[in-house]
Amino acid sequence: MSSPNSRVPALAALALVAMAAAVAMVAFFAPEDADQGLSQKIFYFHVPIALTAYACFGWGAWKALRHLWKREPGADLESYVAIHQGVIFGALTLVTGSIWAKISWGVWWAWSSNQLVLFLVLFLFYAAYFMLRFSVEPGPRRANLSAVYALFGVALIPVSFLAIRLANDFIHPTVFTSNGPQMSGRMFATFCVSWAAMLLLAGALYHVELAGKRLDSRLRELRELLA
Amino acid sequence: MSYLADVATLARKDLRLELRARDTLPAMLLFVVSTLVVFHFTLPRDASRLAAFGLLWVALVFTALLGLTRCFAAEREQDVMDGLVLAPSDRSAIWLGKAISMLAFLVAAETVALPAFALFFDPGIDGRTIAGVALADLGICAVGTLLAGMAAASRARELLLPLLFLPLAIPIVIGGVGASVAGGSRYVEFLALYDAIFAIICWASFEYVVTE
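So the protein lines, in turn, are chains G and A. Using our numbering, you'd call the opening residue of the first sequence number 1165 and step up by one each time. Using our numbering, you'd call the opening residue of the second sequence number 24 and step up by one each time.
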């Protein structure tokens, strides 16, 4: 119990350093986009946040699978915490995407942006995950139901992506694309550092949250023993 | 073979129960026709034919949802679920039997809904729409039955099912509306893909929904 927790400060410090490096690189190292100018720099946050949200959902589903398949103790809690992180990063994706849409297309919301619509669907789906989880008594039943629903999520991501691509044909004849000109080497390097920083941040948050939740459940067990 | 016999028995039990009690199907029929009448008054006179198709899909999804909220009601009220889980058959047979009976209800409701839609809106229903509806029914029943099983285990019950179901139904609606209003067979193919993916997941995971 104590050994994974002692790594958390190191991970958090690493995330802080990486995030500072990413911000510095976005500000000073990455060249300004020829088309969109300064506003394109939100790309270095928006896309890494979105990819990190996918990573969180994927990790949550992986832990859900481990719970159902191997009956790994604690996998249920890990799956829940990962999905919780994913929802936070998903909400941030919606916010940053909305800001970017306002600046480059002049509207706060664009149904023609596939990624934004996909994140809205996923956000609704995973918000329902919380509704499900908090309306079932804690115990093995809740762990199973949450795990099955989390597995539905990873199937829903590609299926929804495909569906939203298809829907553009009859809902929007024209499609904005957020792909500007090809990324230069310096842009790509900045993007990679930003993404690594975001993943480290998510990892650090995940471990902090997990430690807190584990402490909670230990405390509850002790209370029940005393009562 | 005994797996299929179990499934058939379970589905027959639900259909016979419905024939005797008439709990679900009359409600679905009345709901879908009332919804279509309401939709008539929501469309302005010069609204396009395509908008009517969109509303048809709203009506179908919500009618299915109405039936699905009653899906495990009998089992829950009479505490039959424990008996079914203890029965010496594969647990996925419970899901498959239930999904088949739900499919029967939904198809019965649509045999009224589609002619009523054609009568009220004169949209010109073609074969692709029928194929879209048929494939969407499979997906709705497969996913909806499993989610109804989840919702039945929760405190919120009927309240929870639409929240769980609608995000998963968005691809079905896209495929269905696409099949109705846009050309090309790829929407029908997409619906078939959806059905295959989610039917496999539901079949494999239903056991965990009803057991601890």
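If you're looking for bench data, these hints aren't it; they were derived computationally from the structure. A quick note: this is a predicted structure, and the numbers were derived from the prediction, not measured. Wrong hints could be hidden among the right ones.
Once the Cα atoms are required to be at most 25 angstroms apart in a straight line, the calculated SDA-like pairs of lysine to any residue come out as [as the list claims (entries may be wrong)]: (1) G:Lys1234 with A:Lys36; (2) G:Lys1234 with A:Val108; (3) G:Lys1234 with A:Glu230; (4) G:Lys1234 with G:Ala1255; (5) G:Lys1377 with A:Tyr231; (6) G:Lys1266 with G:Ser1276; (7) A:Lys36 with A:Ile223; (8) G:Lys1377 with A:Ala50; (9) G:Lys1234 with A:Glu235; (10) A:Lys36 with A:Gly147; (11) G:Lys1234 with A:Asp113; (12) G:Lys1234 with A:Ile223; (13) G:Lys1205 with A:Glu235; (14) G:Lys1377 with A:Ile223; (15) G:Lys1234 with A:Ala222.
The following label-pair restraints were derived from C-beta to C-beta distances [said to hold, decoys possible]: (16) A:Val60 with G:Lys1377: 47 to 53 angstroms; (17) G:Leu1390 with A:Leu53: 55 to 61 angstroms; (18) G:Gln1200 with A:Glu181: 43 to 49 angstroms; (19) A:Asp149 with G:Pro1322: 51 to 57 angstroms.
Note that beta-carbon positions come from the ideal geometry of N, C-alpha and C, so glycine has one too.
The hints, checked one at a time:
| no. | hint | result |
| --- | --- | --- |
| 1 | G:Lys1234 with A:Lys36 | violated (35 angstroms) |
| 2 | G:Lys1234 with A:Val108 | holds (21 angstroms) |
| 3 | G:Lys1234 with A:Glu230 | holds (15 angstroms) |
| 4 | G:Lys1234 with G:Ala1255 | violated (31 angstroms) |
| 5 | G:Lys1377 with A:Tyr231 | holds (24 angstroms) |
| 6 | G:Lys1266 with G:Ser1276 | holds (13 angstroms) |
| 7 | A:Lys36 with A:Ile223 | holds (24 angstroms) |
| 8 | G:Lys1377 with A:Ala50 | violated (45 angstroms) |
| 9 | G:Lys1234 with A:Glu235 | holds (14 angstroms) |
| 10 | A:Lys36 with A:Gly147 | violated (37 angstroms) |
| 11 | G:Lys1234 with A:Asp113 | holds (20 angstroms) |
| 12 | G:Lys1234 with A:Ile223 | holds (20 angstroms) |
| 13 | G:Lys1205 with A:Glu235 | violated (49 angstroms) |
| 14 | G:Lys1377 with A:Ile223 | violated (33 angstroms) |
| 15 | G:Lys1234 with A:Ala222 | holds (23 angstroms) |
| 16 | A:Val60 with G:Lys1377: 47 to 53 angstroms | holds (50 angstroms) |
| 17 | G:Leu1390 with A:Leu53: 55 to 61 angstroms | holds (56 angstroms) |
| 18 | G:Gln1200 with A:Glu181: 43 to 49 angstroms | holds (48 angstroms) |
| 19 | A:Asp149 with G:Pro1322: 51 to 57 angstroms | violated (29 angstroms) |
This entry does not satisfy hints 1, 4, 8, 10, 13, 14 and 19, going by the numbered hints stated previously.
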